[in-house]
Each structure stands twice: as C-alpha cells, then as structure tokens.
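Q: Go ahead and model the full structure; you've got the sequences and the hints to work with.
The chain contents come next:
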Amino acid sequence: MSSDKIDVRYVAKLARIALTDDEVERFGAQLGDLLEHVQALGELDVAAVPATAQVVESRNVQRADTVRPTLDRETVLAQAPQRQGPFFRVPRIIAEAE
Amino acid sequence: MDETVSATAASIADAVNAKARSAREVTDAMLAHVDAVDDRVGAYLTRLHDLARAQADRVDARVAAGEKLPLAGVPLAVKDNMCLTGTRTTCGSKILEHWVAPYTNTAVARMLDAGAIPIGKTNLDEFAMGSSCENSALGVTRNPYDPGCVPGGSSGGSAAAVAANEAAIGLGSDTGGSIREPAAFCNLVGFKPTYGRISRYGLIAFASSLDQIGPFARTVEDAALAYDAMAGHDPMDSTSIDRAVESTADHLRTDLRGLKVGLVREFDTEGLGGEIDAVYKKAYADLEALGAEIVEVGLPSAKYGLATYYLIAPAECSSNLARFDGVRYGLRVDAADVGAMYEATRAAGFGPEVKRRILIGTYALSSGYYDAYYVRAQKARTLIAQDFRTAFASCDLIACPAASSPAFPFDSKSDPYSMYLMDYYTIPMSLAGLPAVSVPCGWVKASADSSPMPMGLQLTSPIFSERLLLGAAHAYERATNHAALRGPAVGAPA
Chain Y
124 MSSDKIDVRY VAKLARIALT DDEVERFGAQ LGDLLEHVQA LGELDVAAVP
174 ATAQVVESRN VQRADTVRPT LDRETVLAQA PQRQGPFFRV PRIIAEAE
Chain H
9 MDETVSATAA SIADAVNAKA RSAREVTDAM LAHVDAVDDR VGAYLTRLHD
59 LARAQADRVD ARVAAGEKLP LAGVPLAVKD NMCLTGTRTT CGSKILEHWV
109 APYTNTAVAR MLDAGAIPIG KTNLDEFAMG SSCENSALGV TRNPYDPGCV
159 PGGSSGGSAA AVAANEAAIG LGSDTGGSIR EPAAFCNLVG FKPTYGRISR
209 YGLIAFASSL DQIGPFARTV EDAALAYDAM AGHDPMDSTS IDRAVESTAD
259 HLRTDLRGLK VGLVREFDTE GLGGEIDAVY KKAYADLEAL GAEIVEVGLP
309 SAKYGLATYY LIAPAECSSN LARFDGVRYG LRVDAADVGA MYEATRAAGF
359 GPEVKRRILI GTYALSSGYY DAYYVRAQKA RTLIAQDFRT AFASCDLIAC
409 PAASSPAFPF DSKSDPYSMY LMDYYTIPMS LAGLPAVSVP CGWVKASADS
459 SPMPMGLQLT SPIFSERLLL GAAHAYERAT NHAALRGPAV GAPA
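Protein chains in written order, with my numbering: chain Y, 124 to 221; chain H, 9 to 502.
Keep in mind that the hints were calculated from the coordinates and are not lab data.
Here are the simulated DSBU-like pairs of lysine-lysine, each with C-alpha atoms no more than 30 Å apart in a straight line:
| no. | chain 1 | residue 1 | chain 2 | residue 2 |
| --- | --- | --- | --- | --- |
| 1 | H | 311 | H | 421 |
| 2 | Y | 128 | H | 421 |
| 3 | Y | 136 | H | 421 |
| 4 | Y | 136 | H | 102 |
A: Dropping the structure here:
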C-alpha cells in the first residue's frame, strides 16, 4: 500500500460535495492522518486470503413477480423539495438547442 | 416516589397483563417524567405524546380482550434513524431535519405489536457516525450520570433515555459499537445480536454489511424480552436471516458451570490504567466464581480491526448516502444546474464527520485505490472473522472491555482518530458479525474530584448463539449487580 496524498478536491467532486478552502485544508490533513493509520493493513499477508463482503450466510433472494402494495404516490411526492404535477422537478440537465 | 418510570420492562408488562395497571397510566406517568427531565438530558429529538397515548389505548383494549403481550405498556425510545410512519425521522442531520417517514421499520413494528409504547425518537451522531452523540446536528444529549459527560454514541439518545428513566427499553443500531459503548457509558445493558437477526428494513443505512439493530435496557432480562420480540426473518430485508430464532428470555442462567470463557491475549487491560484494569480483573474473577473455566485465547488480527473498519464502513456509507441529493426528499439547496444543486445540497446538509467519511469511502473505492484499500480491508475482515472461529474452538464465550474508558467530557476528543479509538474493543465483533452484549461491571473515577462513572463488560459468542450469550450475561448481572450501586444524577424517579 502506498501512502499517496489524498486529492481532496478531486474526491469531493466524485462525492458531489462542495467544499470550502478551509474544509479542503482541514479534511486533507485529517484524511491523510487516517490513511497513515490504515497503512498498517500493509503488514498483513493477504495474497491467499479471500475477501469478505458479508460474514453471515447469504444467498440470492428472489420473490414471485407479483404486484404488491407500494407507497402512495401523493405520500411520496408530498416530501419532494420541488414537484411539478406527478413529477419531481429538478434544475435543467440538458441545455436548450441554440 | 413514583417508581413507575424506573420499573423494568418485565414488571411493567406483568402489571399491565394482570390489569393491575393500565398501559395508559404507565404512558401518562412516563410522558410527564420526560417532560420534566428531558430538557436537562436531551435524549429525545421528537416526543410522541399523541402517538404514545393512542398506542397505550390500543394495548389496553387488546389486554381487555384477553391477549397477553410480552411488552404490554412498556415505554420505548426509538433511535431517530428508524422509520415510524408519520413521524419525523432525522438521522440527526440537517439533510433530513424535516423528513416524515412514510413507512415503519420492522423492528419498531414488532415492538409495537408486542405492546410497547413509542415515547419518542432519540438523538444520535449524524447518520450514526460517532461515539459520543456530539456529531448530531440537531441537539446535545447529556450523560444522566454526569451531565458534563457525553452519553456515548452513536445511539446516545436511546441510552440516555433509558438511563434517565425516560423509557424502559431503547432501540439503537450498532455498526462498530454504537449500542455497546453508550450502554457502558450509561450503566445499561446494550445488546447487538448476530448480523441479520433483526431486519434492517426501515433503518436508514450507514454501512449495510455491519448495521444491526438491538436494545438498551436496565436488565439483561429486559434486553432479552426486546430481542425475542424483534428477532426473525423479514421478507423486506433480504439480508435478514431465514432460520428459526431461539428465544432467550426464558433461558436466562444463574451460573456459568460447564462454560469456557476466553480472555483475549491481545486485549490486556493493564494499559488502560490501574483502576480500570482492576475493574476488569475483578469481572473476570467473578465469571470464574460463577463456575466458568477461564482460558486464554488469541485474536492476532484484531488490532487491524480499526483500520479495516475505517475503510469498509466509509466505503459503504459513501454509497448509501449518495441517495441524499436534494431530488426526491430532504433538503435541497437551489443552484443553476443539477450538478451544482447536488454539491450545494450535500455541502449544506451534511456535517463534518459525515463529509469526512463519505470522502474517505469515495477515495477507498475510487479507480486506482480500490484494490489497495477496499479489497485489502475486506481480506483483513476475513482474517478477523477466522480468528474468532479459531478462538471459539477452545471457548464458548469471550470476555473483554466494552470501551477503553468511562464516559468522557464534552469536546475532549477533537481529533477524529482519538474518537475512532473508542470502538477498539467493539469493532472486531462487528466485522465478524458476532452477537455481543455490554453489561455494567463497575465504577471508576476519571479524576480524584470527579464522580464515579460506569464501565461495561463485553461478552461475545459465535453467530446465532444469542441464547447462550444473554443467559451468561444474566448470570453475571445477577451475581454482581453493579448497575444498582448508583442512580442517575438526572432522571431519578421524583
């Protein structure tokens, strides 16, 4: 494991969080500190060890493809930050044709 | 003195089922107590007076019709990351501050069906990320045993509620210690069952492969009653375990004869200071006096637990919390285009600890770092789980501390990593999916002029062995009864 310096601005862009300059500096130092601590995992010989995603028995679960009751549309849309009729309204995603 | 509020869940249910008291009387007494003391504790973010009284009347009607309910009239505190239809469910976050749940968490629904009364929704570290409750964006919760100290976290509100007699049972969620550490800090029993034993449906996700709901209670018997009511498969959560649940409350033990208890070589308590070390040495001796054979076991990979956890949990959280984007629910901060809207919403809606964990998780999952960090952590997780399997070949239970110190004063852990260290003893069990319980085991003074604060003994056992674990915890509690030595500074019955 290498101890690369974390590019906080780039990672925040991936995570869709706007950061202030102050946060970039503070989080950069704190995350760098945490990454130093996790370097300890480099001591482990894990070449032949399988990865664990889930500890307790798990299997793929399927159910019959039948219609079941769902949340009422009005109940859900009532909590929308902005709605337009039966839709969630969001800022424009595709630019208008020139 | 009205001892209704400090009564155990078992005794309340007995009295209500026998029609000696009504659920409505118990509920009214509890709501009055909460209104009198919670401004000084801050356990609840939302009090549910109307819902509680309506549920109490339903329970009384069912009892009048001849039903016996295992938790009839038992006042319940619900951590505010569990949905309850029609109630605000905030996760202690600005991003969900005004969100009203449109459905009910399965564990909560089962508690209500068993007769419990929802008194309110309790404070937590934002999205359950923290060990002191100080990361809540919506309120301060104080430790009822010393209001200058934290209640622990992340389920600090539910712990403080039960400790201050503002509920008989509290529901928490435990991802890396979030039930066991606050239970230790607040002189309570705190139980995290095997991963998958209790449905996560309607529990707002933090780290899905680790999150597990469990109870806080003032006795092991009460914790067992709550577990029995909640455990079992739920078709709404495909990770909930589809196998028969062994009841626990009717199998509590009075001794530990025939059991081997493992003490972990790597968890020597001498470094924790003389007074704390003495508490644990005494606890281990008490286990032996109850008939247990004490053996030494090794968990050589456990010291990598913290590093493993602080890659896996943030990775899962960065994925789970992607849903909070201002589109369908919760906070939205308007901006010119949709990308800027996401970034501004999440910047304003999340607090610093949540942002840190999303960032570290995003980094650990990002191209070029995925194998070096996330996959390596998953392999370390395998080694930790294997360590436990090896250890349990030579013992039935493992005993160790629940936390390395008693509750600490507010603002005393400003460096994130020093806060993470609070979960050193609880994280390995979470990574291995094991059931684990914290039981009060003694009192220590942080300094010469401070009041004694409670400590917790953690017991853990193989997956699905809840009956053995709670049975043993009850034997220890019954023989030692440390919890009864002192009452809370805030919240004693009036």
